[in-house]
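> Sequence:
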Amino acid sequence: MVKPGSRFAANLMRKLREVKKRAIFFWMVIIGNGVVYFIKPCLMSGRHLMEDYFIIYGNNSFSSFFYAS
Numbered sequence: 003m004v005k006p007g008s009r010f011a012a013n014l015m016r017k018l019r020e021v022k023k024r025a026i027f028f029w030m031v032i033i034g035n036g037v038v039y040f041i042k043p044c045l046m047s048g049r050h051l052m053e054d055y056f057i058i059y060g061n062n063s064f065s066s067f068f069y070a071s
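Residues in the sequence shown are numbered consecutively from 3, following this note's numbering.
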């Protein structure tokens, strides 16, 4: 237990505020990355899935730069 009003309590609260700011920034970056991943197909004409750029192995019914049929 930390004694309220002590110098240790004040230092602890100061450090915890810094940690909280870092955690909020990190959370915003992670959530922002997910939002960009979700919104990007809507902004690209003719694209509906982010996974369109990846090769689907075992399926010869499509043409791709990476797959010569």
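Because the hints were derived from the structure by calculation, they are not lab data.
Check each hint, because a few of them may be wrong.
Cβ pair distances, simulated, as ranges [unchecked claim]:
1) PHE28 x VAL4: 41 to 51 Å
2) ARG9 x LYS42: 46 to 56 Å
3) LYS42 x GLY7: 50 to 60 Å
4) PHE28 x LYS5: 29 to 39 Å
5) VAL4 x PHE27: 42 to 52 Å
Even glycine gets a Cβ: it sits at the ideal position worked out from N, Cα and C.
> The structure should be examined with respect to each hint, and the outcome stated for every one.
The hints, checked one at a time:
1. PHE28 x VAL4: 41 to 51 Å: 25 Å, violated
2. ARG9 x LYS42: 46 to 56 Å: With a Cβ separation near 50 Å, ARG9 and LYS42 satisfy 46 to 56 Å, so the hint holds.
3. LYS42 x GLY7: 50 to 60 Å: 51 Å, holds
4. PHE28 x LYS5: 29 to 39 Å: 31 Å, holds
5. VAL4 x PHE27: 42 to 52 Å: The hinted range 42 to 52 Å is violated for VAL4 and PHE27, with Cβ atoms some 26 Å apart.
Hints 1 and 5 from the list above are not met by this structure, while the remaining hints are.
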